[in-house]
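**Q** For reference, the chains in residue letters:
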Amino acid sequence: MTTTTHEAEVAAAPREEGLMNLTLKIWRQNGPRDNGRLVTFKVKDISPDMSFLEMLDVLNEQLQAEGTEPIAFDSDCREGICGMCGLMISGEAHGPEKTTTCQLHMRSFKDGETITIEPWKADPFPVIKDLVVDRGSFDRIIQAGGFISANTGAAPKAEAILVPKENADRAFVAAECIGCGACVAACPNASGMLFMGAKITHLGELPQGQPERDARVVSMVNQHDAEGFGGCTNIGECSHACPKGIPQDVISTLNKDLRTALKRGR
Amino acid sequence: MALINGLYTEGEKIADTKAPKVPVPEMWTTRKFDAMLVNPANRRKLSVIIVGTGLAGAAAGATLGEAGYRVKSFCFQDSPRRAHSIAAQGGINAAKNYKEDGDSIYRLFYDTVKGGDYRARESNVYRLAEVSANIIDQCVAQGVPFAREYGGLLDNRSFGGVQVSRTFYARGQTGQQLLIGAYQALERQIAAGTVEMYTRHEMLELIVKDGKARGIIARDLVTGEIETHVADVVVLASGGYGNVFFLSTNAMGSNVTANWRAHRKGAYFGNPCYTQIHPTCIPVSGDHQSKLTLMSESLRNDGRIWVPKNREDCDKDPRQIPEEDRDYYLERIYPSFGNLVPRDIASRQAKNVCDEGRGVGPMVGDFRRGVYLDFADAIARLGEDAVRAKYGNLFDMYARITGENPYEVPMRIYPAVHYTMGGLWVDYDLQSSIEGLYVTGEANFSDHGANRLGASALMQGLADGYFVLPNTIRDYLAKGPFEALADDDPAVAEARAAVEARTEKLLSINGERTVDSFHKELGNIMWEYCGMERTEEGLNKAIGLIRGLREEFWRNVKVLGSADTLNQSLEKAGRVADFLELGELMCIDALHRRESCGGHFRAESQTEDGEALRHDDEFLYVAAWEFTGGDGTNGEFGNMGAPVLHKEDLVYDAIELKQRSYK
Chain A
1 MTTTTHEAEV
11 AAAPREEGLM
21 NLTLKIWRQN
31 GPRDNGRLVT
41 FKVKDISPDM
51 SFLEMLDVLN
61 EQLQAEGTEP
71 IAFDSDCREG
81 ICGMCGLMIS
91 GEAHGPEKTT
101 TCQLHMRSFK
111 DGETITIEPW
121 KADPFPVIKD
131 LVVDRGSFDR
141 IIQAGGFISA
151 NTGAAPKAEA
161 ILVPKENADR
171 AFVAAECIGC
181 GACVAACPNA
191 SGMLFMGAKI
201 THLGELPQGQ
211 PERDARVVSM
221 VNQHDAEGFG
231 GCTNIGECSH
241 ACPKGIPQDV
251 ISTLNKDLRT
261 ALKRGR
Chain B
1 MALINGLYTE
11 GEKIADTKAP
21 KVPVPEMWTT
31 RKFDAMLVNP
41 ANRRKLSVII
51 VGTGLAGAAA
61 GATLGEAGYR
71 VKSFCFQDSP
81 RRAHSIAAQG
91 GINAAKNYKE
101 DGDSIYRLFY
111 DTVKGGDYRA
121 RESNVYRLAE
131 VSANIIDQCV
141 AQGVPFAREY
151 GGLLDNRSFG
161 GVQVSRTFYA
171 RGQTGQQLLI
181 GAYQALERQI
191 AAGTVEMYTR
201 HEMLELIVKD
211 GKARGIIARD
221 LVTGEIETHV
231 ADVVVLASGG
241 YGNVFFLSTN
251 AMGSNVTANW
261 RAHRKGAYFG
271 NPCYTQIHPT
281 CIPVSGDHQS
291 KLTLMSESLR
301 NDGRIWVPKN
311 REDCDKDPRQ
321 IPEEDRDYYL
331 ERIYPSFGNL
341 VPRDIASRQA
351 KNVCDEGRGV
361 GPMVGDFRRG
371 VYLDFADAIA
381 RLGEDAVRAK
391 YGNLFDMYAR
401 ITGENPYEVP
411 MRIYPAVHYT
421 MGGLWVDYDL
431 QSSIEGLYVT
441 GEANFSDHGA
451 NRLGASALMQ
461 GLADGYFVLP
471 NTIRDYLAKG
481 PFEALADDDP
491 AVAEARAAVE
501 ARTEKLLSIN
511 GERTVDSFHK
521 ELGNIMWEYC
531 GMERTEEGLN
541 KAIGLIRGLR
551 EEFWRNVKVL
561 GSADTLNQSL
571 EKAGRVADFL
581 ELGELMCIDA
591 LHRRESCGGH
601 FRAESQTEDG
611 EALRHDDEFL
621 YVAAWEFTGG
631 DGTNGEFGNM
641 GAPVLHKEDL
651 VYDAIELKQR
661 SYK
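Chains as they are written, first to last, in our numbering: chain A, 1 to 266; chain B, 1 to 663.
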């Protein structure tokens, strides 16, 4: 086993306490038509205080120094809110903690560990390059009805709309969805029902969302299916992987709203 | 013309900002009435390009789409919902006076002008306060889940620099909820066919024809294709430039390129040195750091900021330090505002106590760079659950990043670059010095003077996007549609050639240093010499260092890969090239402004108590800088020339100029 040799190497190198040497198996795919493969890289002296993406920054600096093209991956806010980042880390969407990839820190890993890093894998999220995928299908689901039609200027006074706190709170919990796609990546069916259910619940809990409630759910579900997302079979991986903890019952709300709408003949 | 300080020249003053010549409270009504109208049937013949999909860009895109104009919207992220407005935590101000605590449009106006240390334009700020209430109405109608009281009414809290509760919020994710509201409105227009969305596209050049902005050159970041997009008017809503410091609370991709390309084409840059250093961020933990994370200012409602009175206590467990050995320095120095003083003041005092050797946390160089933000009192008073309900997501984020539990141990915080008050100069209509180029949100300079108050950025972004721009831009569009622009028009060809030449140059240098290494070095220079405290000597030194670094960049940068595919190094290289020019202009601006005001603190200009000392006799103006350097098409990159300073005098009719005091 390589572990012994590896540990010997680590012991020989004098360094700051807690620093880690890691083996990374990273998905490399040079464009949508390339087949893609896992490539092994080593990184040394990784601080437990680094974020996971900072660890990849270190690797990319190293690769560029060697003349190798850096690994493409998405990230933007690096505060866990924009939803741009998202990696399959050793088979788990966003890795071992309940958070986004950018908020995952290296203290969650151990010296000598081998980590596999892959993009989201789901037909509605085609790979663009390396770890970068196209999540335009999520935007198109929102276009299908994930909004309240309220033209600028036409709004009534905010104080005229009363929202019971419990409805406001449940709407808020659902509205926390960041659209990262972890739910789809984690689901064996590549279903987008948690994402969609979160929006249906957010808008459906509010009085402002009622006029379009039936049309919204039918239209969004149709778009979801047309994009090639699968159906929900109540496995619960989506909610488990969700960095914002969107509860699985938003899918129940979605199904209920759909039933009601279909009964009314929408 | 002779150079001033060997760096710049002075040009003509800006005589007119186009604000109506009526008292401040009547200006906006007058302007809306005077602005020409466009008949609904004609709107679909008029086209608008909007760069950026944050609050300002998404709101403008949705609103103009609803009105019936043909809109093309651009963002570099994979979806408009990712724009960095999403990361704003605390809240949005509005003069609704729901708490009956004496708030009014005038008070919001006054607080904002005073908070900006009397370096903002009265006309624009009054309008901002005036439309603030409409924003809340609009967002509620869209389904933004603001915090509510048990009776179903909207809740408010307080932010720094004010003594009323006018901030609306959605837990610690207000920016996210407001942006999702604007994003959904935008997606609705995309579905309706009024807005065409270009994601993963970056604007790399502005097309100017006969003095009018007529389009942009953008790179499709997936295919690498260079595209030409023309329109009757161009709007930049591309955000701020805090990433010139490398480490900031901005997103990784936030950049100045759209603004800088427009600046190079003739748009004046207003007050570039006005940057906001936010007092409550998680301290830097090591060299690997890629960005900094803010802890919302709302935490200062309940958290108390302190450091040990004695240096020897600085490495002790804070819970073991008795009350009498703690210095709650903001409460001590500013008894009326306490922990809720404006950001510039809170930041500078944090720096001062750390410079005195009373900082906490790990040593960074010769000093500990951190102060405590302590919730022990709040938890004792309200209970842990109540604190969790208010700030839970922020506490979780802190725990995740630092590995410490803030419910048990006080948070450690330190100031970090957060926002840029400077930006492209605009008139009252938000039009830049290039006709047909409008600039909104953080990308313009207009509303916050030398320091922005908390919960005002969201307010300005949405005010500009939903209410101001759609009203002023129609006055310009009413003159259109303008003559079609052919692909081989010299104005288009020239802009394309400039983009192609730069791209080719960046990929062909093949030097020794990565883009990030240049960016980090630039960031260190900016933080050291153009950060929380600035001196004549330091700024002169910085200008020399930046020039040297820029020269090296164009000779020694290493960008791998090709132009015809997704190439993130190439994207970064273009952005850093522009930061390397902006950084110099910021230092020149900071050097020429020999006064302290708001976030711009010149060590040479302070009161006896160490507060910012303005010199209204000399500096009561907006500094609008004109670019004079080369365009890079002749193989000469990074040549900035000597900028020309145009002064716009600030006139205060409604508010009396005073030395700011929060004591």
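The hints are simulated quantities; they were obtained by calculation from the structure and are not laboratory data.
Where a beta carbon is used, it is the ideal one built from N, C-alpha and C, also for glycine.
Keep in mind that a hint or two might mislead.
In silico DSS-like pairs for lysine-lysine, Cα to Cα no more than 25 angstroms straight-line [as the list claims (entries may be wrong)]: (1) 157(A) with 121(A); (2) 309(B) with 45(B); (3) 505(B) with 265(B); (4) 121(A) with 42(A); (5) 32(B) with 18(B); (6) 647(B) with 212(B); (7) 520(B) with 44(A); (8) 157(A) with 25(A); (9) 98(A) with 110(A); (10) 558(B) with 44(A); (11) 32(B) with 157(A); (12) 165(A) with 520(B); (13) 209(B) with 479(B); (14) 42(A) with 558(B); (15) 157(A) with 18(B); (16) 316(B) with 13(B); (17) 96(B) with 165(A); (18) 32(B) with 45(B); (19) 96(B) with 157(A); (20) 13(B) with 309(B).
Some chain B residues near chain A, calculated using beta-carbon distances under 7 angstroms [what the hints assert, rightly or not]: (21) 78; (22) 190; (23) 381; (24) 382; (25) 496; (26) 568.
Cβ-to-Cβ under 10 angstroms is the rule here; a few derived chain A residues that face chain B [claimed, not checked]: (27) 38; (28) 50; (29) 54; (30) 70; (31) 81; (32) 83; (33) 105; (34) 115; (35) 134; (36) 144; (37) 147; (38) 149; (39) 154; (40) 162.
**Q** Work down the list of hints and note, for each, if the structure agrees.
**A** Hints versus structure:
1. 157(A) with 121(A): 45 angstroms, violated
2. 309(B) with 45(B): 68 angstroms, violated
3. 505(B) with 265(B): 20 angstroms, holds
4. 121(A) with 42(A): OK: residue 121(A) and residue 42(A) at ~24 angstroms, within 25 angstroms.
5. 32(B) with 18(B): Given that 25 angstroms is the threshold and the Cα spacing comes to 13 angstroms, the pair holds.
6. 647(B) with 212(B): 23 angstroms, holds
7. 520(B) with 44(A): The given pair, whose Cα atoms are some 21 angstroms apart, holds under the 25 angstroms limit.
8. 157(A) with 25(A): Cα-Cα ~55 angstroms, so violated.
9. 98(A) with 110(A): 18 angstroms, holds
10. 558(B) with 44(A): With Cα atoms ~23 angstroms apart, residue 558(B) and residue 44(A) stay inside 25 angstroms; holds.
11. 32(B) with 157(A): 21 angstroms, holds
12. 165(A) with 520(B): Judged against 25 angstroms, a Cα distance of about 46 angstroms means the pair is violated.
13. 209(B) with 479(B): 16 angstroms, holds
14. 42(A) with 558(B): The given pair, whose Cα atoms are some 22 angstroms apart, holds under the 25 angstroms limit.
15. 157(A) with 18(B): 31 angstroms, violated
16. 316(B) with 13(B): Since the Cα atoms of residue 316(B) and residue 13(B) sit roughly 56 angstroms apart, the hinted pair is violated (cutoff 25 angstroms).
17. 96(B) with 165(A): 20 angstroms, holds
18. 32(B) with 45(B): Between residue 32(B) and residue 45(B) the Cα gap is close to 22 angstroms, so the pair holds against 25 angstroms.
19. 96(B) with 157(A): Roughly 10 angstroms separates the two Cα atoms, so the pair holds.
20. 13(B) with 309(B): Not OK: residue 13(B) and residue 309(B) at ~50 angstroms, beyond 25 angstroms, violated.
21. 78: 6 angstroms, holds
22. 190: Status holds, d = 6 angstroms.
23. 381: 22 angstroms, violated
24. 382: This hint is violated: residue 382(B) lies away from chain A, its Cβ roughly 18 angstroms from the closest one there, beyond 7 angstroms.
25. 496: 25 angstroms, violated
26. 568: Hint on residue 568(B): holds, closest Cβ of chain A at ~6 angstroms, below 7 angstroms.
27. 38: Given a least distance of 19 angstroms, the restraint on residue 38(A) is violated.
28. 50: Where the cut-off is 10 angstroms and the nearest Cβ of chain B is about 5 angstroms from residue 50(A), the hint holds.
29. 54: 5 angstroms, holds
30. 70: Because about 6 angstroms separates residue 70(A) from the closest Cβ in chain B, which is inside the 10 angstroms limit, the hint holds.
31. 81: 5 angstroms, holds
32. 83: Cβ of residue 83(A) sits 6 angstroms from chain B, so the hint holds.
33. 105: It holds, given that the least Cβ distance between residue 105(A) and chain B is near 7 angstroms, below 10 angstroms.
34. 115: Violated, because the Cβ-Cβ distance from residue 115(A) to chain B comes to roughly 17 angstroms (cut-off 10 angstroms).
35. 134: Residue 134(A) check passes; min Cβ-Cβ to chain B is 7 angstroms, inside 10 angstroms.
36. 144: Hint holds; residue 144(A) Cβ to chain B Cβ min 7 angstroms, cut 10 angstroms.
37. 147: Holds, because the Cβ-Cβ distance from residue 147(A) to chain B comes to roughly 4 angstroms (cut-off 10 angstroms).
38. 149: Holds - the Cβ of residue 149(A) comes within 10 angstroms of chain B, reaching about 6 angstroms at its closest.
39. 154: OK, holds: residue 154(A) within 10 angstroms of chain B, min 7 angstroms.
40. 162: 4 angstroms, holds
Hint check: violations occur at hints 1, 2, 8, 12, 15, 16, 20, 23, 24, 25, 27 and 34; the rest are consistent with the structure.
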